[in-house]
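Engineer: Residue-level listing of the chains:
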Amino acid sequence: MISHIYHSSHNRRGTAIILALVFGVLLLQFAIAYSGLVGKSRPQTDIIDERVRLHYLSTGLTEIALLKFQKFPADFYNSWRFQASSSTNLSFWQDTTGPLSEFSIAAPEFIEYKTNGFAASRSSFNERPIRLWLTEMRLMTDNRWNVEVLQIKAHAEYAGRTGKPVNIDTVRTLRTERITRR
Amino acid sequence: MPHPPAARQRGVTLTEIMIAMFIIAISFMPIMGALGTSVKATVKEDTVVRAMNLCQEKLNTSLHFPFEFFVPNLGTPIDVPIATPGVSLTLGPETIEGVTYTSVLTVSDRPGIFRVPVRNLAVGNPADPKTWTFTNRNVAYNNLVHTYTLEVSWIDKGGTARRFYTLVTFRADLRS
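Residue numbers (my numbering), protein chains in the order written: chain A, 1 to 182; chain B, 1 to 176.
Looking at chain A on its own, in the form it has when it is part of the complex (with noise of 0.2 angstroms):
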């Protein structure tokens, strides 16, 4: 009988070690995973950051394309028709070339820092530049309600942390009322 009991505690030593190693393991990698997690997420001042960066900017370029609308309009209604009856691209706002790019998408105050984007916007601990332009310019008109809307939209983007483009689009929707001289 005591040969017995002698030989099961026997069999029972190291029972801690081996389950104390076992749960060391798992802790181990508990910590890598948790290390691989905390470099791969991105610090929040970056998600702040890129965001309102881009929306102030973009949004500040929609301002400059509303005052050319409101400076020429009839300038932009003429390239507006003349696009649409000779284009043959049913998105013809998007056309690269004819006079409502030239206006709009095209125009040199509009992809000025389309190539090399726009350094003052930085800070300590962020010096990428930001690139952007307009992206379109058009009117949403529903002859029913006798409604016309001008939209503007402008694009940013830089590259991120790593190197992955952010990017950002702003709408500015406004009505609009066509009078016409005769």
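Calculated from the structure, these hints are not laboratory results. Backbone N, C-alpha and C fix where the C-beta goes; we use that ideal spot for every residue, glycine too. Accuracy of the hints is not assured; some may be wrong.
[Stated by the list, open to error] Quick look at which bits of chain B chain A covers, simulated, 3 or more residues with Cβ under 8 angstroms:
1) 47-59
2) 98-108
3) 124-137
[What the hints assert, rightly or not] Here are the simulated DMTMM-like cross-link-like pairs (lysine to aspartate or glutamate), alpha carbons at most 25 angstroms apart as the crow flies:
4) Lys40(B) <-> Asp156(B)
5) Lys71(A) <-> Asp156(B)
6) Lys130(B) <-> Glu148(A)
For this one, chain A is given, so just place chain B on it according to the hints.
Structural biologist: Chain B alone, transformed into the frame defined by chain A:
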């Protein structure tokens, strides 16, 4: 003479427990390290997030001032509180939770040239837009678009280097 089995069992268990605890303690160290790094990074970023919020809030407020308000100050950095009967904006230094943030607003003119395709009225049928032709005209403008630059700078607690955060936007004179 062999030891009694019960006594031997107790002694080994204590050693085992100590070794086991040591192994577990060692295993916890990388986890604590990772957590510590994460917490430190969060605390450090807190001041940056606050600066961002301040910058955004102040830029929004500055955009509520009438367009013509900043004309006398074009290009001159403003670092003192400003106000109109409708809007007020706190600029300059302000201390929040032990960190002093300094806000400076610069409003500068952004002259430019609009490219305007102008229809040649003498050419084509007025009723048929397909026959119309256009000539590009460049129209220069001044004092119609302003660049708003708001910079918030600060020094972290225990730090020496000045950090800054800048937001920029454009504002056009859309009064007409």
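Engineer: Look at each hint and say if it fits the structure.
Structural biologist: Here is what the structure says about each hint:
1. 47-59: holds (count 5)
2. 98-108: This one is violated; 0 residues, fewer than the three required, reach chain A with a Cβ under 8 angstroms.
3. 124-137: holds (count 6)
4. Lys40(B) <-> Asp156(B): Distance ~13 angstroms between Lys40(B) and Asp156(B) Cα, so the pair holds.
5. Lys71(A) <-> Asp156(B): violated (47 angstroms)
6. Lys130(B) <-> Glu148(A): Measuring from Cα to Cα gives roughly 22 angstroms; hence the hint holds.
The structure is inconsistent with the numbered hints 2, 5, although it conforms to all the rest.
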